[in-house]
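Starting from the two chains in their separate frames, assemble the complex, guided by the hints.
Residues per chain are reported as follows:
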Amino acid sequence: MNIVVCVKQVPDTWAERTLRPEDSRLDRASVDGVINELDEYAIEEGLRLAEAHEGEVTILTMGPDKASESIRKALSMGADKAVHVIDDGLAGSDALQTSAVLAQVLGRIGFDLVILGAESTDARMGVMAAMLAERLGVPQVSLASKVEVDGTALRIHRQRDYGYDKVEASLPAVISVVEKINEPRYPSFKGIMAAKKKPVETVTLADTGLDAGQVGLAAAATEVVSFANRPPRQAGTVVKDEGDGGTKAAEFLAGQKFI
Amino acid sequence: MPAHPAGQPGHDLDLLRVDQQLSSDEALVRDTVRAFTAERVMPHIADWFEAGTLPRELAPELGKLGLLGMHLTGYGCAGMGPVAYGVACRELEAADSGLRSLVSVQGSLAMFPIWKYGSPEQKDEWLPRMAAGEAIGCFGLTEPDHGSDPSSMATRAVRNGSDWLLSGSKMWITNGSVADIAVVWAQTQEGIRGFLVPRGARGFTSRAIHKKMSLRASITAELHFDDVKLPAGAMLPGVVGLKGPLSCLTEARFGIIWGVTGAARACLDAAVDYARTREQFGKPIGGFQLTQGKLAWMLADLSRAQLIALHLGRLKEAGELTPEQVSLGKMSNVRAAIEIARQARTILGANGITLEYPVIRHANNLESVLTYEGTEEIHALTLGQVLTGIPAYR
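Read top to bottom, the protein sequences are chains V and H. Numbering-wise (this note's numbering), the first sequence opens with residue 744 and increments by one. Numbering-wise (this note's numbering), the second sequence opens with residue 116 and increments by one.
So here's chain H without its partners, still in its complex pose (with noise of 0.2 angstroms):
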């Protein structure tokens, strides 16, 4: 551990003092993720951003912290509350994106579904090995041809005796091509079902996405199932129907709309930093009205945010979360997070083209975000729902 876990801010950019509500259970994942990723990701992460990979060691490095499934009961789980598990997030997209959708994926995506749905012996059998960061998970509702409505994916399941026969495609799946286990959603004759298929069953191929230009420090890819055999015990019994698969993207959403606070701090702490050192026409950039400004509706923006996570991380707390607020907090916060990015980029000049600085990267993965786990204008939907009554999703 270094002498200081922190690697704080030498400026103040908690000026809400958000952080004085965080019990100190919570105070102290903040500060063990912020030591974790200063000595294990941030040497590193420009490196693996531009390679494009994210190394598989880490999963057991994060597992034996306790991040994956954090907030989950039992199996090896630690338990702990939403607001712990929305610091994380918090604390790993300040290092990068990436890093947080592995942690998002496996935790909210993969197990989640398998604690909330599985049969004993699925929890057994996955959920031990997969806090671990043994075993790597990952999700399947996205498919080539299906993004925002689900509800008409392609993918099959159907009865074969007593066992199933999978097809179909799905993309864009974060861990897809190293997952040991796929949580996949398929039509059956009874709706849509979740079920878990393991790495190298027959029939079921994975190829990693490359070309990318956001998320780059994450691996993408596309599932292939060519009528994949699997037993009745490879079905999820406990849910039927999209409810399932939109209950565990509500879980990860959550993580988002912390996760993003992260990522916007840390691009606002980079443009500080700069606009204090870096000199132009004799004296600190800094010191100009413009950049004043700028770095003052960043921290404006930054501060809502982080309170809007934070309410959103007591409701869940008290089991009032709803799906409407969760879309709110998504939208609300990521377009906050990409904006912050963005002027943090301009603040920067040419420098915050490189990944010498971090806000380039952060404002390239934020454009996944706003994309991912309901794009930007499906929470409007839902919230324009809210409001006048009338769902315009079609």
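Okay, chain V solo, but in the shape it has when bound (with noise of 0.2 angstroms):
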């Protein structure tokens, strides 16, 4: 089975992370940069089902140098081997944009199944499985806690408030995967020393076959209008127990929709 896993390189969860004035693009230069945490959950799913159904782990990752870091940390944990899509005129592309340089790639490389986190930590839209499965014209299979594969018939639980749909697709498809389904591992120091010797393959802009004037900033579909500091933290509201006290913590958890 050929499992390709998309994987972002998003600024550390940890860190203070910033948009910068000039564009209202995310200052990522300033903030160390890491795997996109759920894009974890999703290499993980890939090595088990590769590993119980023979078959191969490719990761895909689209950005600037620095994103071979995490490329390297994903062959470490025990993928195959990767596709690095770099290209200075792919900056500030937007997701229409990203999903459609990532579909390009995926259609040439060719897939069994791909597996993305369901969100990124950074930008959040949660979009990115949708458009590629359209792109490539395969079913989405979407928020998936486990994922069975049996020759072409793929059935996961998808997750939901009331706990999950049992959802049914044949391959080849596209799915998002939330962090319930599993315990990512550890890369191994023997993955990592093994990871030095995995093939990289480096994909430009013009091997997409797409057109500068399609991708990057200038071309996108969406615009950042403006934007807004977080508010600070606001004081806490102090309730006095008089005997009431339960009584007034459930009226604060209804007011604020919690129960």
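It is worth saying that the hints were derived from the structure and are not from the lab. Treat the hints with care, since some could be wrong.
[Claimed, not checked] Computed list of chain V residues with no C-beta within reach of chain H, every gap over 12 angstroms: (1) 764; (2) 797; (3) 816; (4) 852; (5) 874; (6) 926; (7) 928; (8) 933; (9) 935; (10) 942; (11) 956; (12) 974; (13) 987.
[Stated by the list, open to error] Here are the computed lysine to any residue pairs in the SDA-like style, where the Cα-Cα straight-line distance is at most 20 angstroms: (14) V:939 / H:239; (15) V:940 / H:139; (16) V:940 / H:454; (17) V:991 / V:979; (18) H:179 / V:979; (19) V:939 / H:191; (20) H:179 / V:925; (21) H:238 / H:191; (22) V:941 / H:432; (23) V:933 / H:191; (24) V:809 / H:142; (25) H:231 / H:361; (26) V:933 / H:142; (27) H:409 / H:361; (28) H:409 / H:458; (29) H:409 / H:126; (30) H:179 / V:928; (31) H:179 / V:794; (32) V:933 / H:432; (33) V:889 / V:904; (34) V:923 / H:432; (35) V:933 / H:461; (36) V:940 / H:142; (37) V:939 / H:432; (38) V:941 / H:139.
No experiment lies behind these values; they were computed from the predicted model shown. Beta carbons are placed, not taken as given, at the ideal position from N, Cα and C, and that holds for glycine.
What follows is the structure in structure tokens.
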């Protein structure tokens, strides 16, 4: 089984993240890059499926030179090879453009299954799986908390508020996963050593067959019109228990729509 | 794996950007060990320390990561460079010196002599299981009456036909009572030799040492050998003389040079955190000049220790590291670390003596680290001899 896991490098979620005033883009240069958290679950699921079905896992990343660190980590976890789409002309591409690029590459390298984290911690749009499935003309099976493959039959549990739905589709397909699906492994030291010898193919914009005018910030279909910093945290509400503390706590939670 | 692997300090403790000198592999090793300790060790370490234990189940997990014998090649070992090994020791000891001791002893003191001086049969039998953490090793050199002067050891092995008979005692042996295999150094007619003594050999007993106030999250034992009969194949064929065990210690000391910078960093991290939040006289104690002076020197001492560790690591990579350089690093970095730990304790005040914070645990652990693997005094004599040409050991 030919499994492709899409991996995005995002700014360290623990670091202070800012938007650049000149073009309203996320300032990625000043922060350490890490693999998007949910993508680690996608990698783990890819590795488990590959181990169970004698498959091969390819990591697909679009990003600047720095993204090679994340590719290295994914290969250290056990992926077999990687494709790195890297081109200055892609900088500032929005989700629609990114999906166009990734779909072109996926079409060329071929796949039985594409796995993604359900959303990234930076943009948090959660649309990439849907966009890729649409562009590739294959089923999208989203928010999977469990995945089973039997021949070309694909069965998942789709995480819902009330529990899960059982969803079936047939391969080839695109899956997005949620963190409930597994526990990502650590890269082993032998894995780190082995990763150095694993093939990483570099793909430029020209290689994708897309026109330079279709991608990048200038041609993006979406635009960040304005942004504002998050307001400072408000002081908490102190409720004094005068025998009715439970009622007041319940009222507060109800007021916040938690219950 | 937690959301963020590093559990990174919220303030800058690497002002000199020492870690920017790490390769991407070395940085990945750092992040992996940090993530592992954050998840598997930090939530429990204070309890383990108080109970005086380190769970045996950690060993296979350390093995799965590739930490055990990570700097050796073949036999299931990862074959990583010295700086990667050092960084791993640093991150382990940032959790606890006992955890780093387990890994040091397994990789550098037990696996290394088998890997370097063992027969093909000995390597095949032990190294893969030890790398996986399925078998634990220990290293028997120190004796009750022979610490800094190992050449006068009393443990003896005599030939008995084609076999050997081993007699004597070893003391302060990390992992001693849980080990599946002991690498034991003994006097023979040919000089000092190493022997592999499996657990359960008739006449071989061990007893855990209790009432320790340091390295409590580490198993320490005494070993007794009462005419233990060993086959010819139990002897390490590749080395005769004190240089055998000393070469192992040089490996392990290199790990300590790195390791203690982790303990020191954890203490400084706790002290800075506390200084920023603890208020006295209406302001954070970090706003007082005496506290800032302490923190500034701690940062300077830590930075210097980190640079020494990295420099010696690169020398080792180039195959140029000498035992004298290792002595300088061990003496200087452990001293720096214990001073940082003690200073951190003063900043944390009374809270500094509890296991709610890491500093008293590190400070107490470092008392052992100051003494084991060559006391500070013996390393000073090594350096004294380098400078004066006069050996002052006796």
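Checklist entry - When you check the alpha-carbon spacing of residue 939 (chain V) and residue 432 (chain H), does it fall within 20 angstroms? => result Answer holds: residue 939 (chain V) to residue 432 (chain H) is near 18 angstroms, not above 20 angstroms.
Next on the checklist: Can you confirm whether the C-alpha distance between residue 179 (chain H) and residue 794 (chain V) stays at or below 20 angstroms?
Outcome noted: It holds: about 17 angstroms lies between the C-alpha atoms, which stays within 20 angstroms.
Item to check | Given pair status - residue 239 (chain H), residue 939 (chain V), alpha carbons within 20 angstroms | outcome: Violated, because 27 angstroms separates the two Cα atoms, which is more than 20 angstroms.
Checklist entry - Taking only the CA atoms, is the gap from residue 238 (chain H) to residue 191 (chain H) under or equal to 20 angstroms? => result Answer holds: residue 238 (chain H) to residue 191 (chain H) is near 11 angstroms, not above 20 angstroms.
Checklist entry - Is the nearest Cβ of chain H still more than 12 angstroms from the Cβ of residue 935 (chain V)? => result violated, 5 angstroms
Next on the checklist: For residue 940 (chain V) and residue 139 (chain H), compute the direct alpha-carbon distance and say whether it is at most 20 angstroms.
Outcome noted: Roughly 14 angstroms separates the two Cα atoms, so the pair holds.
Checklist entry - Just checking, residue 987 (chain V) versus chain H, shortest CB gap more than 12 angstroms? => result Residue 987 (chain V) is indeed farther than 12 angstroms from all Cβ atoms of chain H, at 33 angstroms.
Next on the checklist: Would the hint linking residue 933 (chain V) and residue 461 (chain H) be met if the CA-CA limit is 20 angstroms?
Outcome noted: Violated, because 42 angstroms separates the two Cα atoms, which is more than 20 angstroms.
Item to check | residue 974 (chain V) non-interfacial with respect to chain H [C-beta, more than 12 angstroms] | outcome: holds, 22 angstroms
Item to check | Pair hint residue 939 (chain V) and residue 191 (chain H), alpha-carbon separation not exceeding 20 angstroms | outcome: holds, 18 angstroms
Checklist entry - residue 816 (chain V): least C-beta distance to chain H exceeds 12 angstroms? => result violated, 6 angstroms
Checklist entry - Does residue 179 (chain H) pair with residue 928 (chain V) here, judged by a C-alpha cut-off of 20 angstroms? => result Within the cut-off at roughly 10 angstroms; holds.
Going through the hint list in order, the structure does not satisfy hints 3, 6, 7, 8, 9, 14, 16, 18, 22, 27, 34, 35.
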